[in-house]
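Student: Take these sequences, add in the hints, and give me the full structure.
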Amino acid sequence: MIELINVSKSFKGVKVLKNISTKFETGKVNLVIGSSGHGKSVMMKCMVGLLKPSSGNVMYDDRDFTNLGYSQLREVRKEIGMLFQGTALFDSLTVEQNVEFTLKMFTSMTPAERRDRVDFCLEQVEMKGINNKFPAEISGGMKKRVGIARAIALDIKYLFCDEPNSGLDPVTSRVIDELLKSITEEFNITTIINTHDMKTVFDIGDDVIFIYQGMNEWSGKVKDIHSSNNEMLTNFIKASYFD
Amino acid sequence: MFSKPEKLSVYIDRTITEMNNIGVGSLSIVVIIAIFQGAVTTLQIAYQLISPLIAKPVIGSIVSDSSMLELAPTITCLVLAGKVGSHIASEIGTMRVSEQIDALEVMGINSSGYLALPKIVAGLIMIPMLVIISIFLSNLGGVIAGEASGILTYEEYFQGARESFMPFNLLFSLIKAFTYAFIITSVSAFQGYTTNGGALEVGASSTKAVVYSAVAILFSDYLLAQILL
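If you read the protein sequences in the order shown, they are chains A and B. Position 131, counted from 1, in the first sequence is what our numbering calls 131; the numbers after and before it change by one each time, with no gaps. Position 81, counted from 1, in the second sequence is what our numbering calls 81; the numbers after and before it change by one each time, with no gaps.
Calculated directly from the structure, the hints in this document are not laboratory data. On a predicted model such as this, the values are computed, not experimentally measured, just so you know. Even for Gly, the Cβ is constructed at its ideal location relative to N, Cα and C. Be aware that a few hints might be false.
[Unchecked claim] Ranges of calculated distance between the beta carbons of each label pair, as one might list FRET restraints:
hint	chain 1	residue 1	chain 2	residue 2	range
1	A	Lys128	B	Leu8	25 to 33 Å
2	B	Ser3	A	Ala136	28 to 36 Å
3	B	Leu27	A	Ser240	52 to 60 Å
4	B	Ser28	A	Ser108	38 to 46 Å
Tutor: Written as structure tokens, this is what we have:
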């Protein structure tokens, strides 16, 4: 479980995140929704340690991520996988080398064991057989899948996805959604997805937090979204149907 | 950058790859520049010193000393600042703007160490080697130009070069090469790593890397000459 306790983040005096407190449960697909520019990505960056919160704490199963020492931080980070909006695959490495990267850096696996693990991860995302291709040689949807395979290469506990469907066609988007859902359930991990794709929310979401102007405007179960009388959330949902 | 590497073997692999990129990848341009700079210097020295009172081997001694003291290390490294420096800055800069550096950080890897250290170590190993090759080829260029133009024979050239040779000059040249290698790789890696924005900023970082490296090389050239000569 990941818990945010009064997390705030300011840039040059402008408060982008305002006292956000919430919990993301293990084994569930937790969705962070909200319009662009309202702080979703900043919140995710604070959670994974790419940004340091101005105040507040990020707890990873009772470990205070914001105040850990360098070596402890590194240990927690080995439990984190992240799928970036632009996939962030390493251009100079092949698909296999991308997936193998963390295994090579952090495990003492033999090359044969690493290859087996890479094959297993690529099989999970239905991408077997493209091991020797470079990221520039595969499509956007394939890159996303390889990104997921890279994220789960180590035995992660937490999976973060920043706009996993951006730039994808509707069919591929659904495939990615299903993948994220099945990986979450199969490995019993805490998955947190930033999105403004409401189809994703209703298809695979368990819990939702709605961020509006840097604040936790609404949070609850996906099934409760339609019965919510929060005006901002209702407007956001309505607007997304007209997209 | 100087924290303990996550896995030494990976860093060694990366260093070898960078040695290939920096050293082998720059060999052709270094060869061309070195031969021509030696040849042109020979012709110009001969043009300025043409007199029956000056022995021809003097031309060889001036060209070989100039090559060793200034031309090979400084000109070669200025060119490498352009070639290697822009490559390093744009590579790391592109990784920055495409979130690849963020990906490294999320994985728990010291991104600055992982990206910059192998390049700096590779530069410190390969650039002095390129400078040594450049010294040799500058002299070869001088001999070829001397023979081809009939200004002096290769015996006269090497007589002059041998008579004026001082081992310290070679050491001085290598000290320069190490200094410039560190400047080129570290300045360029820094410029790339601190890139912020998109493609336009990657280009700007690449330009800054070359300009700052070149200026720093010229400053340190003066300082080293002042201190060591």
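Student: Evaluate each hint against the coordinates.
Tutor: Okay, the hints, checked on the actual structure:
1. Lys128(A) - Leu8(B): 25 to 33 Å: Taking Cβ atoms as reference, lysine 128(A) and leucine 8(B) lie about 32 Å apart, which means the hint holds.
2. Ser3(B) - Ala136(A): 28 to 36 Å: 32 Å, holds
3. Leu27(B) - Ser240(A): 52 to 60 Å: 57 Å, holds
4. Ser28(B) - Ser108(A): 38 to 46 Å: Holds, at about 40 Å.
Violation of the numbered hints given earlier is absent; every hint is satisfied by the structure.
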